[in-house]
Structures are given as structure tokens and as C-alpha cells.
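Using the hints, put the two standalone chains together into the complex.
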Amino acid sequence: MIGAFAEGITQSLLPCSWVLLLPAVALGVGTRRAGVFGVFAGAVVLTAWIAVAGWFVAPLWLAGAALLAGGVLWWRLGATYVPAALVGVGSAWAWRPCVGPELGEALTTARYDPAAALGGLAMFLLGVVAVGLAFGLAGGVLLDRFGKQPSNKVGAAVPAALGLTMVLGVYPTLASAFARWSTTLWA
Amino acid sequence: MIDGRESVLAVSCRVAARIDGIQPVCHQVRVPANEGPVILVQGLLSSLSGGAAVSSTRMKRLIPFSVLVVMLVGACASAEPAGTESTAAPAPSSTSTTTSTSTSIGSTEPDPVEEETVAEESLPDLGPADELRGIDGWLQADIESLDDLRGKVVVVQFWTFGCHNCKATLPNLEALYAEHRGTDFEIVGVHSPEFDYEKDPDAIAAAAEDLGVTWPIALDTARQSFRSWQGSPAYWPRTYVLDREGHIRFDHIGEGAYEELNETVAVLLK
Numbered sequence: 001m002i003g004a005f006a007e008g009i010t011q012s013l014l015p016c017s018w019v020l021l022l023p024a025v026a027l028g029v030g031t032r033r034a035g036v037f038g039v040f041a042g043a044v045v046l047t048a049w050i051a052v053a054g055w056f057v058a059p060l061w062l063a064g065a066a067l068l069a070g071g072v073l074w075w076r077l078g079a080t081y082v083p084a085a086l087v088g089v090g091s092a093w094a095w096r097p098c099v100g101p102e103l104g105e106a107l108t109t110a111r112y113d114p115a116a117a118l119g120g121l122a123m124f125l126l127g128v129v130a131v132g133l134a135f136g137l138a139g140g141v142l143l144d145r146f147g148k149q150p151s152n153k154v155g156a157a158v159p160a161a162l163g164l165t166m167v168l169g170v171y172p173t174l175a176s177a178f179a180r181w182s183t184t185l186w187a
Numbered sequence: 188m189i190d191g192r193e194s195v196l197a198v199s200c201r202v203a204a205r206i207d208g209i210q211p212v213c214h215q216v217r218v219p220a221n222e223g224p225v226i227l228v229q230g231l232l233s234s235l236s237g238g239a240a241v242s243s244t245r246m247k248r249l250i251p252f253s254v255l256v257v258m259l260v261g262a263c264a265s266a267e268p269a270g271t272e273s274t275a276a277p278a279p280s281s282t283s284t285t286t287s288t289s290t291s292i293g294s295t296e297p298d299p300v301e302e303e304t305v306a307e308e309s310l311p312d313l314g315p316a317d318e319l320r321g322i323d324g325w326l327q328a329d330i331e332s333l334d335d336l337r338g339k340v341v342v343v344q345f346w347t348f349g350c351h352n353c354k355a356t357l358p359n360l361e362a363l364y365a366e367h368r369g370t371d372f373e374i375v376g377v378h379s380p381e382f383d384y385e386k387d388p389d390a391i392a393a394a395a396e397d398l399g400v401t402w403p404i405a406l407d408t409a410r411q412s413f414r415s416w417q418g419s420p421a422y423w424p425r426t427y428v429l430d431r432e433g434h435i436r437f438d439h440i441g442e443g444a445y446e447e448l449n450e451t452v453a454v455l456l457k
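Residue numbers (this note's numbering), protein chains in the order written: chain Z, 1 to 187; chain V, 188 to 457.
One or more hints might be untrue.
To be verified - Listed below are several chain V residues computed to face chain Z (Cβ distance under 7 Å; list not exhaustive): (1) Y384; (2) P388; (3) P420; (4) E442.
To be verified - Pairwise CB distance ranges, derived in the manner of DEER restraints: (5) Z:G169 - V:G324: 50 to 56 Å; (6) V:G324 - Z:I2: 40 to 46 Å; (7) V:Q327 - Z:S151: 51 to 57 Å; (8) Z:V82 - V:R368: 55 to 61 Å.
Source of the hints: derived by calculation from the structure; they are not laboratory data. Heads up, the beta-carbon is just placed ideally off N, CA and C, and yes, glycines get one too.
So here's chain V without its partners, still in its complex pose (with noise of 0.2 Å):
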């Protein structure tokens, strides 16, 4: 699920800059692949806007057609092996700690306490962690902030109990929670409720005991958090890991991602 209810109505300058700059030559501008997309948006835009020397006959064809080829080079961006041409942060949910490792220590046989080391290093550090906002409340807690964990490597995630995404992912928690409860690591569930039914605490709690949570939960009723930690477009379940100085250190929006998640708690425990 997305949260854009309260979004804020703004462009990136750098795509606003583009569309704002439309020339019928834009094509031609040299550009690296990945923003190749970027341009055929372009030239889809002015298809649309009617350029000067289009006809409407010829118009009608190309937008199809535009529509076609944005899609296909899409699918070639994204065919790519991640992080070839970017500049951007790496996509840490996509980071196997394994594969880092692999990569790091190339073909020789790797001693077992090496690789916990490079496979640590080797996590992206995303920076601090914010705090939890605007927290009306705890259930199954005896903790007030995540200042209290400190010094604990902590999986938080915002969920919602009406979420069926977010319920596909509590069998991994659970399992994740029973193999290391009684260590240095804590889960904090924030749940953040998208619809108002989800707001009252008993249904929360009725809910938690239904579906097998049983690490703290921190209610955060008017999704303060949720913005604050997302920013917008925010998303239900969003999994975060967080290291012992409260750097986030994991990052996934939606299902999946359970090895890379369960390898980098392994990991940061160590």
C-alpha cells in the first residue's frame, strides 16, 4: 500500500528542468543510458503537446509508439545489473551480505571471521535513523523511544493490521524474533493505520494476538512517523534495520527481501 493523501505537490528539479526545456531535437542530446527513459518522456510529451510540424494524422501514430518504445527501454534499464551506471545511494535491500562478501574476498575460500567483517563493512549505511514522532502509545512494551534500544540492533517496520502485505510478512518476523530473542535485538512494529478502523488500540492489540506479533508496537495513529522516516510516496510494510548506533543499515518497501533482511541482522549481531 502507498500513503499519498497529504503528498506534497512538487517536481524534482531535474525532470522539471527537462520538461520545462523540451526542444523538438531533444533526441539528440547525448545522455547517459539510464536517463534514457527521462528522454523518451520527453519526446512523448511533445508527441502529446502537438509539436509545431506534427500533424494530427501523424501525431495519433506516434503516440502509441511512443508509449511502446518508453516501455521496452524500460525494461532494458532494468534488465541491467544493478548500480552499473548510477550515481545514486546503492539499493540496500538489494545488497546480499553474502554476495558482498563473495565479491570482496573474489575466489579464494574465505576464513568465517573474515567474512562477518567485510560482510559487515560492506553494509550500506544510510545514516541515522530519525526518531519516532508523534508516538500515541506502546502495547507489549516497556520502552518509551527507540533511544532505549540503543546499543541493539533493531528491525523496525510500519505496518498497518488491515494490510494483507504486511501480514505476508510476520511469519519471517516471527521466525527472525524467536531465532534471536534473548540477544542485543529488538523488532518495533509501528503501526501506522491507513484507514479508521485501524486506529483503535484494542483492535491493534486484538489484531497483534491474532496474528502472532508479539514484539513492541508503537502506535502512531497519526502516521507522523510514517511520513517523517518515508517521506512521500510512503508504503505499508516498510522494513527498515537499524545497526547499533542507530544507523539504518536495511531498507525494503513491500514482501520479500527475507534472506537479505535474516543475513543482515545475522550479520550486525555478530
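So here's chain Z without its partners, still in its complex pose (with noise of 0.2 Å):
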């Protein structure tokens, strides 16, 4: 389990797992409610255990379509659950994970016994999680001293700009970039 989310903040810096961070980190910049980081984390804990236990894996362009969902609600409701809801769910579906051994071992047993990894890929998925919410909330203080609030418009961008890309059909276009771009740094 401690591996597990120790591979998750290790992985969380490869792009494979942005889609993940980015709107953690600007989830983090937006509120300080535990309340709705709970449930971006279930959210995405629970989409991406149906995911992998190939129960319903979605289309980007459907992933694209909730994160833009939640982005527009986000901009004009403020980062409450629903908006949180619909964001975790989109970064969820729209995972594509780099799979080291913790998270191989978790879908490896998800494919016979998806009960039995459910636990081995939340741990995964919080040890993301936990980094974007990390930068997002340091960043949302390193503002405040700046004199200038968090802002829920910028953190409301995030996941709709990433929604739109997926929609639009760009997305893999810029995930193959920074794919080959990491390539190029980890060699």
C-alpha cells in the first residue's frame, strides 16, 4: 500500500499522469474545502477502478466532454462538488498510466479480481493526487502573500482548456509531444 502511493507521487511527474495533476494542482489553487478534494479523489479513485476493471472505459472525447462540463460549471458555481465530481471523472477516464510495478501489480490483479485492486490502485491514484493538491494549495498560499486571492477562474481553466483539447481531437497530438519530450529528458 505505502508502495503504491509512493509510485503514485513518483509517477505523478511524468506527463502520462498530468491529466491527473493539472487539475488537482488547480483544484488546490481554488479552495481549501477537504470536502471537495474528497470527492475529486473518489471520483477519480472510482472511475478509474471501473476503467481498469474493464467494466466501461470511455472515449477521450467523452472524457474531454466532462472535464469541460465540470470546468464550466466550476467558472460559474466555484469549485464545489458537483464541478469536483465531473473534473475527477474526465481526468479519470482520460488516464492513459505510465505502469510501473505497484500500479502492474494492482491492474494485473484487476483484470481477475477487480475487488482485490481497488486498494493497490487508490493508494496509486492518492499518491497523484496528493502531489497536485500539494502544489496547488503552496501556490494558492505563495498568492495570497502576493496579495492576490486564489482564484477559481484560473483553476476553472484548467480542466476545460484540457476538456476542450481532448473534444477538439488535439489532445493526443500534445500528449505525444510531451510523451516524446519525456523520452528525450529520462534518456
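This is the structure in C-alpha cells:
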């Protein structure tokens, strides 16, 4: 469990995790409500779990639509439960994981016994999300020091922009560019 | 990495039935322990749908609580010994041949020959492997299909050269290839590109040389084999071991499980 959480933290810095990381950062900047963080994290975990079990794997356009809807609602209503849930669901649908040893164990198990895989998967995802929220909260504190309140509007723009790239079909090109850059960096 | 871009929109009948059948009292249904998370999901969905008797304030309190409960139960479920209550097929990668042997024989000192026999029998048989489909070329090989390798123990790995996790598995495969080269053993790397820049055969050949991949590479440019073998979702890397009859005896997603992989190959070769 701890290993999966640690792997989530380390893998959060790879481009394949940014579709989860960036909305989490935005959420950390946009709000300080622990309940909203919980709904976001829960939506990510449950949606990803359903996907890795093979019960429902969403196409990218649907993930984009959820992110876009979440971003628009977030813009209008603020970072509340419903936008957080929508953004969490959309992020998890769009997630294409880099599969390290701990996540690999969970994903392999999920094909045969989904319930047994939930814990490891949840801990991995919470590791990724925790890094994003930590960055976001730190960013919010820094913004406060400069006399600016953490902005919901800026936060809402992140999932909306991500969703728009998916709906328009340009996200794979961006992901490819980041992946190639990442490969060069790791080499 | 995972592939789901062309995945099918489908929900398991089991889960669909459960979601369709949400009842306010669903938490009272008695279920096997490992189905607890499913029922809790129902509870969460019920909360989100705003059940008739639940006020909005109460609902706001219930949602984060439900989320936490789901995670905690999931953690408990995962901590249980694998296969204690599940009726599903055994997770093959978690089946250690050594563990299986010692479990079968008990505390007596096993005879080496007997240990090998028992270990091979204890390996899960996941059925005959599919043929590779839609392969548009081979690199570093004089074969045209897996049929040409029948009678050999074959490691089949779906990979792509831009995948960080795939590259992390290569040192173990290199060592395995070096150890068993010249025996009835072969590795086939099925190169299934995720991005356009990974589709160029020259780039694949150059990457193979850089990465020390000396075994046959099947070019699965359209990812037909990638999908037909794995279904949805499909991942990079995914490693299978086929026995001499072409049956899948080991299956693992991602990095890791190297010891189990190596043991499976060693047992099947004996």
C-alpha cells in the first residue's frame, strides 16, 4: 500500500499523469475545502477502478466532455462538489497510466479480481492527486502572499482547456509531444 | 501506459444490474466480502442522485464520507490474501512457482525432480494464445508468425520504444534471453506504437539497437494484435509466457514480477 502511494508520487511527475495532476493543482489553488478534495479524489479512484476492471472504458471525447462541463460549472458555481466530481471523472477517463511495478500489480489483479485491486489502485491515485493538491495549495499560499486570492476562474480554466483539447481531438498530439520530450529527458 | 481510444462503450451486466437496481436499502443486502466496494459505490451513487429523503445539506456531508469509506474498504479488500474468496480465475503473475511448490508439498524436503513437475502443473493455464494479427513486418527475425515457434517456450511482450516503463523491463528480458539462448526459448517483442513518431520501422530498428533488444520484433503498427490479445483497456508493457503448446501460462501488466516471469520460463523449459 505504501509502495503504491510512493509510486503514485513519483509517477505524478511523468506526462502520462498530468491529466490527473493538473486538475488537482488547479483544485488546490481554487479552494481549501477538504470535502471538495475528497469528492475529486473519490471520483478519480472510482472511475479509474471501473475502467481498469474493464467494466467501462470511456473514449477520449467523452472524457473531454466531462472535463469541459466540469470546468464550465466550476467557472460558474465555484469549486464545489459537482464540478469536482465531474472533473475527477473526466480526468480518470482520460488517464493513460505509466505502469510501474506497484500499479502493474494492481492492474494485473484487476483483470481477475477487481475488488482486490481497488486498494492498490486507490493508493497509487491518491499519491498522484496528493502531489497535485500539495502543489496547488502551496501555489495558493504564494498567491496570497502577493496579495492575490486563489482564483476559481484560473482553476476552472485548467480542466476546461484540457477537455477542449480532447473534444477537438488535438490532445493526442499534445500528449505525443510531451511523451517524446519526456523520453528525451529520461534518456 | 494504457490504450482506450477506440474502446467499446460497455458496462458489465453485473454492475449495470446493480446500478439499475439501486434501492434506498441496498446497503442491507448481504454480499460476499469482496463485493463490498460495489455496494458502497451504489451508496455513493445513491447519495449523488439525491435520494428522496436526503436533504442537500445532509448529502453534502455524506459524499466525502462515502468516498473515504470506499477507499478504506478498498484498502482492506486489497490487503486480503489473493484468491481467498474469489471465484475468478487466479491472477497468474502473482502465482510464484516456488510458493506453489512449497504449498503443495508442505514442510517435507522436496525432491528436485518432483518439485519441477509439481511447479509446472501448478502454473495457471489461461488457454491458447491468439495468433498475432495485422502484423505488417518483422525485424531481427526469420519467422512470420507464432506458429513458427510452436514447440518453444515464448515470451511475448507488447511494447513501444517511447514507453518509459517498457524500457525498464528490458534489462530483465536481456538477461533472460542471454541465459536461455540456444534452448527451446524465444522472445517476441510486439511493437505496438502509441504515438505517430513510434511507427517508423527505421526508428524502431534504431531504438532496438540502442536499447539492446536483439530478439525478434513484430511490427503491430495498427495495434490489431495489441487489442485482440488484451481487450480493453490495453496496456504497455504487457508480458505473456506461452508454453510449448502455445498456451498462456503467465500474464503481467507493467513493470515488475521479474522473478515470477523468470521462474515460469525456467519451469516450462525443464
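Structure-based check of each hint:
{"no.": "1", "hint": "Y384", "in the structure": "holds (6 Å)"}
{"no.": "2", "hint": "P388", "in the structure": "violated (18 Å)"}
{"no.": "3", "hint": "P420", "in the structure": "holds (5 Å)"}
{"no.": "4", "hint": "E442", "in the structure": "holds (5 Å)"}
{"no.": "5", "hint": "Z:G169 - V:G324: 50 to 56 Å", "in the structure": "violated (28 Å)"}
{"no.": "6", "hint": "V:G324 - Z:I2: 40 to 46 Å", "in the structure": "holds (44 Å)"}
{"no.": "7", "hint": "V:Q327 - Z:S151: 51 to 57 Å", "in the structure": "holds (55 Å)"}
{"no.": "8", "hint": "Z:V82 - V:R368: 55 to 61 Å", "in the structure": "holds (59 Å)"}
Hints 2, 5 from the list above are not met by this structure, while the remaining hints are.
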